[in-house]
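Asks: Sequence:
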Amino acid sequence: MTYRIVTSPNFEKETKILFKKDPALFNRFKKAATSIRENPECGKPLRNVLKGYRRVHVGHFVLIYEIDDANSIITLVSFNHHDKAYE
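Here the sequence shown is numbered in our numbering, starting from 1 and rising by one per residue.
Treat the hints as calculated values from the structure; they're not laboratory data.
Heads up, some of the hints might be wrong.
Said to hold, decoys possible - Here are the simulated lysine to any residue pairs, SDA-like style, with alpha carbons at most 25 angstroms apart:
#: 1; residue 1: K44; residue 2: E87
#: 2; residue 1: K44; residue 2: N71
#: 3; residue 1: K31; residue 2: R55
#: 4; residue 1: K30; residue 2: E12
#: 5; residue 1: K44; residue 2: V62
#: 6; residue 1: K31; residue 2: V77
#: 7; residue 1: K31; residue 2: D68
#: 8; residue 1: K21; residue 2: V62
#: 9; residue 1: K30; residue 2: T2
Turn these sequences into a full structure, and let the hints steer you where they fit.
Replies: What follows is the structure, given as C-alpha cells:
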C-alpha cells in the first residue's frame, strides 16, 4: 500500500528557509521521506506527550511524523535540530 505524504503548516514554516540554505540537507530529507512512504513503520515510535508520532533522524535533525492508516496518509509534523525537536 502506498501512502500519500502531506505536510503541516508548522512543518512548512520550519523548513522553508532551512532547505533553501542547505540543499544537501534537503536531499537527505527527500531520501528519508521516500523511505517513510515505502515503509511508514520504519521510524521509532515516540512516547509520553508525543505518543502516536514517530521520528526519523536526518543528520542532526529530527523528522516527526504521524501515520493515518485508515486514509493511507503520512503527515509530516516537525523538522527541527535535535536540540529543539522535542521542546
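Asks: Checking one constraint from the list: CA of K31 to CA of V77, max 25 angstroms. Satisfied?
Replies: holds, 17 angstroms
Asks: Would you mind confirming whether the straight-line C-alpha gap from K31 to D68 stays at or under 25 angstroms?
Replies: holds, 21 angstroms
Asks: Tell me if the straight-line CA distance from K21 to V62 falls inside 25 angstroms.
Replies: holds, 17 angstroms
Asks: Measure nothing beyond the straight line between the CA atoms of K31 and R55; if it is 25 angstroms or shorter, mark the hint as holding.
Replies: Holds: K31 and R55 sit about 14 angstroms apart, inside 25 angstroms.
Asks: Quick one, are K44 and E87 close enough, alpha carbons at most 25 angstroms?
Replies: holds, 18 angstroms
Asks: Holds or violated: K30 and E12, Cα atoms, limit 25 angstroms.
Replies: holds, 14 angstroms
Asks: Just to be careful, I want the Cα atoms of K30 and T2 compared with a cutoff of 25 angstroms; is the pair within it?
Replies: Given that 25 angstroms is the threshold and the Cα spacing comes to 16 angstroms, the pair holds.
Asks: Are the Cα atoms of K44 and N71 separated by 25 angstroms or less?
Replies: Distance ~21 angstroms between K44 and N71 Cα, so the pair holds.
Asks: Please verify whether K44 and V62 have alpha carbons no more than 25 angstroms apart.
Replies: Holds. K44 to V62 sits at ~11 angstroms (cutoff 25 angstroms).
Checked against the numbered hints above, the structure violates none of them.
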